[in-house]
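Between the sequences and the hints, there should be enough to build the whole structure, so can you do that?
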Amino acid sequence: MFWLQLNRVVGYWPVLLKGLGMTVALSVLALLIGSVIGFALGILRAGPNRTLSRAVGLYVDFFRGTPFLLQVFIVFFILPQVGIELSAFTAGVVALSNVAGCFIGEIVAAGIQSVPAGQKEAAAASGFTRAQQMRLIVLPQAVRVVTPSLVGQFVLLIKDSSVVSAIGLLDLTRSGWMIVQNVPNGLLVFGIVGLGYFVICYPLIWLSRRMERRGQAPVL
Amino acid sequence: MIEFTDVHKWFGSLHVLNDISLTVTKGEVVVVCGRSGSGKSTLIRCINGLEPFQKGRLVVDGFDLGSSSVRLRELRMEVGFVFQSFNLYPHKTALENVTIAPIHVRGLSKAEAEVRGRALLEKVGLGDRMQNYPHQLSGGQQQRVAIARSLCMQPKIMLFDEPTSALDPEMINEVLEVMVSLAREGMTMMVVTHEMGFARKVADRVIFMDRGAIVETADPETFFTAAKSERTRDFLSKVLHH
Numbered sequence: 367m368f369w370l371q372l373n374r375v376v377g378y379w380p381v382l383l384k385g386l387g388m389t390v391a392l393s394v395l396a397l398l399i400g401s402v403i404g405f406a407l408g409i410l411r412a413g414p415n416r417t418l419s420r421a422v423g424l425y426v427d428f429f430r431g432t433p434f435l436l437q438v439f440i441v442f443f444i445l446p447q448v449g450i451e452l453s454a455f456t457a458g459v460v461a462l463s464n465v466a467g468c469f470i471g472e473i474v475a476a477g478i479q480s481v482p483a484g485q486k487e488a489a490a491a492s493g494f495t496r497a498q499q500m501r502l503i504v505l506p507q508a509v510r511v512v513t514p515s516l517v518g519q520f521v522l523l524i525k526d527s528s529v530v531s532a533i534g535l536l537d538l539t540r541s542g543w544m545i546v547q548n549v550p551n552g553l554l555v556f557g558i559v560g561l562g563y564f565v566i567c568y569p570l571i572w573l574s575r576r577m578e579r580r581g582q583a584p585v586l
Numbered sequence: 012m013i014e015f016t017d018v019h020k021w022f023g024s025l026h027v028l029n030d031i032s033l034t035v036t037k038g039e040v041v042v043v044c045g046r047s048g049s050g051k052s053t054l055i056r057c058i059n060g061l062e063p064f065q066k067g068r069l070v071v072d073g074f075d076l077g078s079s080s081v082r083l084r085e086l087r088m089e090v091g092f093v094f095q096s097f098n099l100y101p102h103k104t105a106l107e108n109v110t111i112a113p114i115h116v117r118g119l120s121k122a123e124a125e126v127r128g129r130a131l132l133e134k135v136g137l138g139d140r141m142q143n144y145p146h147q148l149s150g151g152q153q154q155r156v157a158i159a160r161s162l163c164m165q166p167k168i169m170l171f172d173e174p175t176s177a178l179d180p181e182m183i184n185e186v187l188e189v190m191v192s193l194a195r196e197g198m199t200m201m202v203v204t205h206e207m208g209f210a211r212k213v214a215d216r217v218i219f220m221d222r223g224a225i226v227e228t229a230d231p232e233t234f235f236t237a238a239k240s241e242r243t244r245d246f247l248s249k250v251l252h253h
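Protein chains in written order, with my numbering: chain A, 367 to 586; chain B, 12 to 253.
Hint data in this document are derived by calculation from the structure and do not stem from the laboratory.
Think of the CB as a built atom: it goes at the ideal place given N, C-alpha and C, for glycine as much as any other residue.
Among these hints, one or two may not hold up.
Chain B side only, calculated, beta carbon under 7 Å to chain A, not exhaustive [what the hints assert, rightly or not]:
| no. | residue |
| --- | --- |
| 1 | Asn59 |
| 2 | Arg84 |
| 3 | Met88 |
| 4 | Ser96 |
What follows is the structure in structure tokens.
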């Protein structure tokens, strides 16, 4: 019986592969866009402008403090009511990038704050502009400090992407739902789905742990 | 080159600079000493705008630091600053530490900056350390890189904020030697230090500060043998004892 079911699940490999592709596409896009958002938010959060820093803090806390599923629903079901109509894929990428940006922003801000004040002083004393101080002196040091945490965050991002199956995107999780309707063995089907996530995430977990043990990221 | 006129600065209710008037001319070497908390570091940090002040006038190389439109960046290109804790960039090699500002602030090409940087690292005795990162260098070596880093901008004025205070005793001299040769080449320098031997050797003037005010200003000979103020003599008896 088990072997028969396994055989049938494996027969659905094109669906699984498609789901896996969607999960990877969502994650990679959200990772890229979320990193851009995250660095921008982090720089503002750690910046000298108090008002801006607090505003960013509030924004970030809002998205860190509400369920991601709710955010997906807001983007997909509520934005159209104010005239912003997004496809399920775009909505998924938007929601996922935004929440990733919020988490990455907090990590980046912490990294920037960990760079000693003397570094900024030395850079200022050399005549660098604020932007140059950030780009040439502060960020490279901050990135090294936070790389292990960032990689860890990427793992969470990949797993969070499963939530967007709720708005009908055929990602890895939803492909599991589809298959389980034909092969009534949830443990088996979702075991295989879980394995799919694990295969993507484990190398990142391993990398993050290795970098943490070394105390810093490799020189890129 | 540097002209303080009745400058005052407060940290909250603490009066850290009290009515400072002081003129440093081109090529002059001025040593500033005093107990910790006397305002001597604050004094030289005002000169390149690292610290603001609330009252008075301070003009450095034609830049009026009191005015709100002062172009701090342009001023800082002409004023080198050496910190007590070196503050080298840990992610850059010695040579990169020295060349990064000339490249990005002065707009030199990488090749030009490296020619200049190599010559300066040779000059401070670190010709064989150019590719080392700061953490691979001793304190004395790091401070010499920091001096070369400031010099590579070809500043008109060099400020030193207790450059040897964070160093082990055996490394102090290698840093002082670099500073002595710089002074002898005619650099305009203000040096906050407790190294009285250095003051004797190269200073044109020695200033003693106490509670934010300049208590004594004299040439080294007079300063060390015939200080007028009781507080200066008391300070000297403590630092010259060992």
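A quick look at each hint next to the structure:
Interface restraint check: asparagine 59/B against chain A, minimum CB-CB distance 6 Å, threshold 7 Å, status holds. Satisfaction of the interface hint for arginine 84/B is found here, the shortest Cβ-Cβ separation to chain A being roughly 5 Å, below the 7 Å cut-off. Look at methionine 88/B: its Cβ gets to within about 4 Å of chain A, closer than 7 Å, so that hint holds up. Proximity of serine 96/B to chain A holds as hinted, the smallest CB-CB distance being about 6 Å (cut-off 7 Å).
Comparing the model with each numbered hint stated earlier shows that all of them hold.
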